[in-house]
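There are 2 protein chains.
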Amino acid sequence: MTPPTRLSWKDVRDEIHKAILSGRYGPGDRLPRDADIAEEMNCARSTVQRAMQDLSDSGLVDRRRKGGTRVRAEPVTRATLDIPITRREVEQRGGRYGYQLIRRVEETAPHSVLATFELTTPQPMQRIEALHFSDGRPYILEDRWVCPETVPEIRDLDLTSQSANEWLVLNKPYSRCDMRFFAITAEPQMAELLETEVGAALLVIERTTWIETAPITTVKAITAPGYRLLTTS
Amino acid sequence: MTPPTRLSWKDVRDEIHKAILSGRYGPGDRLPRDADIAEEMNCARSTVQRAMQDLSDSGLVDRRRKGGTRVRAEPVTRATLDIPITRREVEQRGGRYGYQLIRRVEETAPHSVLATFELTTPQPMQRIEALHFSDGRPYILEDRWVCPETVPEIRDLDLTSQSANEWLVLNKPYSRCDMRFFAITAEPQMAELLETEVGAALLVIERTTWIETAPITTVKAITAPGYRLLTTS
DNA sequence: AAAGCTAATATGTACGTACTTATTTTGTCA
DNA sequence: TGACAAAATAAGTACGTACATATTAGCTTT
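These protein sequences, in sequence, are chains A and B. full-length UniProt numbering numbers the first residue of the first sequence as 1 and each following residue consecutively. full-length UniProt numbering numbers the first residue of the second sequence as 1 and each following residue consecutively.
I should point out that these hints are in silico values taken from the structure, not numbers from a laboratory. There could be a bad hint or two in this list.
[Said to hold, decoys possible] Think about it this way: if two alpha-carbon atoms lie no more than 30 Å apart in a straight line, the pair counts; the simulated DSS-like pairs of lysine-lysine are:
id: 1; chain 1: A; residue 1: K172; chain 2: B; residue 2: K66
id: 2; chain 1: A; residue 1: K66; chain 2: B; residue 2: K10
id: 3; chain 1: B; residue 1: K10; chain 2: A; residue 2: K10
id: 4; chain 1: A; residue 1: K220; chain 2: B; residue 2: K18
id: 5; chain 1: B; residue 1: K172; chain 2: B; residue 2: K220
id: 6; chain 1: B; residue 1: K10; chain 2: A; residue 2: K172
id: 7; chain 1: A; residue 1: K18; chain 2: B; residue 2: K220
Could you build the full structure based on these sequences and the hints that come with them?
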């Protein structure tokens with residue numbers, strides 16, 4: 001006498017996911033129509049549609065009108081990354097957060113920065129270098145450019161106690177964010193700031209944000225040796 | 001006389017997103033109830049619900065029953081990464097793909113590998129080292145462990161022409177995948193295989209997959225110098 | 001006061017219908 | 001045979017209702 005519990009779209013999603021995992025449907029195979037699955041599983045088509053949309057979002061299946069649903073022929077491994085404010089990241093790991101402004105100048109942005117922003121006309125930008133600490137040890141070295149045209153407040157902002165990272169995230173929501181990850185070897189200056197040896201391998205997390213097409217900021221977060229970036233499971 | 005075009009949930013989502021971007025609702029602020037937004041925007045509550053769910057998924061707002069919807073107080077930068085099969089990645093960049101098996105042995109997995117799989121009992125695993133090439137130049141060095149208990153087929157598999165990467169992705173769908181990113185300096189052996197100098201900074205993409213709780217494979221994709229990992233915009 | 005019960009409330013979800021839209025298939029005509 | 005138009009198809013979406021569920025607020029009891 002189990003109660004006639006209705007299927008949630010997540011149940012349906014997991015069911016279909018399992019069918020794919022089991023090999024019942026292999027890469028490229030076509031799945032039944034939503035309507036048929038709905039009938040078979042005794043639920044509404046809209047429920048199946050919601051489930052399928054989720055599977056499509058996670059890259060497991062391809063859906064096309066009239067073409068139906070098929071298992072992706074060349075699957076991708078899709079992962080989601082959460083990058084919190086650095087202060088919060090440190091605190092969540094149980095560390096004591098520290099922050100120090102290193103340098104702050106306004107100068108014409110180099111070509112590489114303009115290119116990152118997809119700009120062609122040169123313009124002055126604020127360059128801000130700062131260090132984030134965890135338990136007194138260097139954690140992330142931040143090399144940032146901020147566009148004063150989009151963010152005029154930056155000029156009057158006190159960045160000795162609050163980091164640009166934090167102020168921007170809280171006050172300048174973006175509509176587009178590109179991220180890049182790569183490795184570099186520590187140059188002498190970086191090495192000194194991060195209290196490591198020259199030549200150490202460092203993971204760099206580079207982020208660029210826009211509001212519509214107006215550039216906000218681009219930042220290289222140069223992490224201390226041993227830093228590991230994890231996906232959210 | 002514009003046609004009375006109905007609002008799609010994506011329209012509603014973008015509208016609310018814009019309201020947040022404009023600063024009308026700041027971090028921590030509470031948004032109107034779904035029902036009120038629905039009335040204001042002249043659509044059904046279910047439409048607003050779908051929009052809000054998406055905003056919640058992308059980390060912009062927090063939703064709680066009875067508590068209502070509020071803008072996330074400590075926003076996170078959420079990014080999505082797509083990692084395709086290496087062959088496809090090379091080909092999409094317009095390169096000619098090459099592959100070479102370097103080494104393949106079955107041995108007891110070291111503790112670090114067991115720990116990655118969240119296993120406690122030692123067991124034999126296949127270790128597979130292989131090189132992926134782009135236009136004849138080393139592109140990714142793959143250091144992989146496969147669990148024969150979960151993937152018995154691996155023992156009889158010819159890996160001289162097809163990479164384990166490709167076979168696994170096409171034949172062993174997973175239910176869980178953890179990823180880690182970090183930087184290392186090239187050791188002599190790696191440097192030789194990747195045709196670079198000892199000490200070069202290399203980005204490592206480490207992936208571990210399970211089917212339910214059964215370990216499938218864990219792999220360190222050691223990328224050639226200059227490799228950049230990008231988010232899908 | 002503190003603890004526990006009750007009511008109120010906002011989101012979560014399913015359902016079935018109606019309609020829209022992209023894509024493929026089929027059919028027609030030159 | 002090829003080009004083009006028409007029909008068929010399957011996903012995409014909106015809507016309004018009904019009900020479920022988590023969480024808060026208020027009220028009662030000790």
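* Agreement of B/K10 and A/K172 with the hint, judged by alpha carbon distance not exceeding 30 Å -> 22 Å, holds
* Has the given pair, A/K172 with B/K66, been kept, meaning a C-alpha gap of at most 30 Å? -> Roughly 29 Å between the alpha carbons, so the hint for A/K172 and B/K66 holds.
* Hinted pair A/K66 and B/K10, Cα distance within 30 Å -> 22 Å, holds
* Asked: Does the structure keep B/K172 and B/K220 at a Cα separation of 30 Å or less?
  -> 18 Å, holds
* To do: For the pair supplied as a hint, A/K220 and B/K18, confirm whether the alpha-carbon distance does not exceed 30 Å.
  => Since the Cα atoms of A/K220 and B/K18 sit roughly 27 Å apart, the hinted pair holds (cutoff 30 Å).
* Does the alpha-carbon distance linking A/K18 and B/K220 stay inside the 30 Å limit? -> Status holds; Cα separation ~27 Å.
* Do the alpha carbons of B/K10 and A/K10 lie within 30 Å of each other, as the hint requires? -> Roughly 21 Å separates the two Cα atoms, so the pair holds.
The structure shown violates none of the earlier numbered hints.
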